[in-house]
Amino acid sequence: MFERTSGGAVREEPLWCPAPGGALYGMCYSPEREGPSPAVVIAAPDGEERVWATRSLVRSARGLAAAGCTVLRFDYRGQGESEGEYEKTTLDTLVEDLVAACGWLRERTGRTPSLLGVRLGAAVGLLAAAMAALELQRMVLWEPVVDTAQYLNVLLRVNVAMQMVAHGRVLHERQELIAAARAGKPVSVNGFNLSGAYIDGLLGTDLTAALSRLAVPTLVLAGGAPPAPLAQHPHVRVERIPIVPFWREPKVHIAGPPAFLGKTVEYLAPGRQDLREVS
Amino acid sequence: MSQLFPLPRVVSFSCEGFTLYGSLHAAEGPSRDIGMILFNQGPLERAGAHRLSIQIARRWAKQGLPVFRVDARGVGDSEGDWSVPPDGAPIRMLYKQVEEGAWTADAHAAIDCLVRETGVRHVVLGGLCGGAITALHAATHPAVCGVVMVAMPVRPQSEVVGAGDLVDSKVKEEAKDYVAKVFAPDAWKRFLTMQTDYGTLWSVMSTRLHRLVGGGAPDAGMNVPLLRSFVAASKAKRRLLFVYPDHDYLWTEFEELFQTRYPQAECGYELRTIANANHTFTESDWQAELYATLEAWSQGLSAREAGA
Chain A
0 MFERTSGGAV
10 REEPLWCPAP
20 GGALYGMCYS
30 PEREGPSPAV
40 VIAAPDGEER
50 VWATRSLVRS
60 ARGLAAAGCT
70 VLRFDYRGQG
80 ESEGEYEKTT
90 LDTLVEDLVA
100 ACGWLRERTG
110 RTPSLLGVRL
120 GAAVGLLAAA
130 MAALELQRMV
140 LWEPVVDTAQ
150 YLNVLLRVNV
160 AMQMVAHGRV
170 LHERQELIAA
180 ARAGKPVSVN
190 GFNLSGAYID
200 GLLGTDLTAA
210 LSRLAVPTLV
220 LAGGAPPAPL
230 AQHPHVRVER
240 IPIVPFWREP
250 KVHIAGPPAF
260 LGKTVEYLAP
270 GRQDLREVS
Chain B
0 MSQLFPLPRV
10 VSFSCEGFTL
20 YGSLHAAEGP
30 SRDIGMILFN
40 QGPLERAGAH
50 RLSIQIARRW
60 AKQGLPVFRV
70 DARGVGDSEG
80 DWSVPPDGAP
90 IRMLYKQVEE
100 GAWTADAHAA
110 IDCLVRETGV
120 RHVVLGGLCG
130 GAITALHAAT
140 HPAVCGVVMV
150 AMPVRPQSEV
160 VGAGDLVDSK
170 VKEEAKDYVA
180 KVFAPDAWKR
190 FLTMQTDYGT
200 LWSVMSTRLH
210 RLVGGGAPDA
220 GMNVPLLRSF
230 VAASKAKRRL
240 LFVYPDHDYL
250 WTEFEELFQT
260 RYPQAECGYE
270 LRTIANANHT
280 FTESDWQAEL
290 YATLEAWSQG
300 LSAREAGA
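Listed in order, the protein sequences are those of chains A and B. Read in numbering that gives the first Met the number 0, the first sequence has 107 at position 108, and its numbers run on one by one without any break. Read in numbering that gives the first Met the number 0, the second sequence has 20 at position 21, and its numbers run on one by one without any break.
Source of the hints: derived by calculation from the structure; they are not laboratory data. You may find that some hints are simply not true.
Straight-line alpha carbon distances no greater than 27 Å define the calculated DSSO-like cross-link-like pairs of lysine-lysine that follow [claimed, not checked]:
id	chain 1	residue 1	chain 2	residue 2
1	B	K234	B	K95
2	A	K87	A	K184
3	A	K262	A	K250
4	A	K250	B	K95
5	B	K169	B	K188
6	B	K188	B	K175
7	B	K169	A	K250
8	B	K188	B	K171
9	A	K87	B	K175
Chain A is nowhere near these chain B residues, computed Cβ spacing over 12 Å in every case [claimed, not checked]:
id	residue
10	M204
11	L208
12	T272
On a predicted model such as this, the values are computed, not experimentally measured, just so you know. Idealized CB from N, CA, C, for every residue including glycine.
So that you can see chain A by itself, here it is in the shape it has in the complex:
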């Protein structure tokens, strides 16, 4: 019924990483064999998408470590095992947590880390890099969220759909939900309460401006056409690979890591393409 994780020459170490908003839970994956290894921090998606993506990111972390990387996978404050409450999440706190996680791995390995950013985690990585708060070797962005206002729109649609199921009709339209959040009544999106500050951050963030300051070599992997600001950027290489959206509730269980992992290993650990299948 279950298979042992293959290519198991990976050490796994649970840890608590100090951060301004409280301790962040993380898992550090490193190759058994000694020697210098590229350092990689995984910036997960946010909220419900993070929950569904978790296992795929565990597999990805193991895959990267089996290919010779030292990997930190961590939970933002108020998510997973970390301290704090989700209601206090804003784009700024996500950036702050990512910076803390990268600092931890840099101290541990003595190397400037690369970043693997997934969905909103990709946007958080771009913002952190653009603000020069984060020195990175390279970035790989999986199915990045670039239009954060549109991303918010999809989240609010979840709340509206839930109203239909619970009450048979829509009690509060999206604009009313936003107004309520600004007045201090957070919006529940499958139990993740979005604050007014978070909503305003998503509505007001201009990632195009952040991209104009991007100087980190970046690989974007996406299932469909990547957003234009990324596709046209001189430091960005884009590849399209069909992908099962592992950040959503699955209808089909895939045992292996996401299809993006092979190209990611090639980019972050050149010369270490001897990736063994790690499920």
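Assemble chain B onto chain A, guided by the hints.
Same frame as chain A, but now just chain B:
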């Protein structure tokens, strides 16, 4: 920054050669010789849906009960993966394996680990949905004194695919909702502008009509291995608590299929419902009522066990 809750300790343990991880919340105040374990809600990590399991664990720990939240194999941080073909398998087939007790060995290993780490002699198992199923299957372990089952499916959910598989009262309710919309202009507007889910509408109404003309409801098969575990736990005098959100279809199935076969008065289990709540308690007031219900129950459990 002030820390409101102590950090749990991350503990690893082994089961059949797989390394599994859990988070152990220490009991605050004097120990009551009872520990609690919460299992994965299906494929979700040990924090639970929007961290429900963490919130419950913090509250029980404050009552003097150590709480262990664990990742079974193939979930969260733990080792192992489901054996499926390279192009995948329907997620419902994995749920079926959980429904039949795929994680029982992991649950028993978690009980041994909690007893070893904390010294408690009695253990209460719990979980939501698939976690509740794992808890009930694992109640054969001699240290188990109680089981808390929140929103537990009593039928194999792999068999509930369309309206034709729903229990009768649910089909009637859905059909009634559609009929009521015949006089609602907004509903006609949605219907004519292709915003209606025509497939569901057809499926519900045709099922209702079929049953009205004598087609009858299908023989809604219960989860037989789960029933066996329930009967065994009941005979072994485990204290059993069912909690259902009453806007969850699983509550309808429990009422219609389980309660009629295993009446509360005869079987001695406890039952609470949370008004208006959905399957994963997504609103804060539903969560608050769930926490209060579980805290009240575990308070009583402690007194009873201490007197035993």
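A quick look at each hint next to the structure:
Of the supplied pair hints, the one linking K234 (chain B) and K95 (chain B) holds, its CA atoms being roughly 25 Å apart against a limit of 27 Å. With a C-alpha separation of about 12 Å, the suggested pair K87 (chain A) and K184 (chain A) falls inside the 27 Å cut-off, and the hint holds. In summary, the hint linking K262 (chain A) to K250 (chain A) is supported, as the alpha carbons are separated by about 25 Å, within the 27 Å threshold. Taking the CA atoms of K250 (chain A) and K95 (chain B), the gap is about 14 Å. The hint holds against a cut of 27 Å.
Only pairs whose Cα atoms come within 27 Å are accepted, and K169 (chain B) paired with K188 (chain B) is accepted, the gap being roughly 25 Å. Using a Cα cut-off of 27 Å, the hinted pair K188 (chain B) and K175 (chain B) holds, with the two alpha carbons roughly 19 Å apart. The hinted pair formed by K169 (chain B) and K250 (chain A) meets the criterion: a straight-line CA distance of about 24 Å does not exceed 27 Å. Straight-line distance between C-alpha atoms of K188 (chain B) and K171 (chain B) comes to about 24 Å, which keeps the hinted pair within the 27 Å bound.
For a cut-off of 27 Å, the pair hint linking K87 (chain A) to K175 (chain B) is broken: about 42 Å separates their Cα positions. Every Cβ of chain A is farther than 12 Å from the Cβ of M204 (chain B); the closest lies at roughly 17 Å, confirming the non-interface assignment. Against the 12 Å criterion, L208 (chain B) stays outside the reach of chain A, whose nearest CB is about 22 Å from its own CB. Distance to chain A confirms T272 (chain B) as a non-interface residue, since its nearest Cβ pair spans about 16 Å, more than 12 Å.
Checked against the numbered hints listed earlier, the structure breaks hint 9 alone; every other hint is satisfied.
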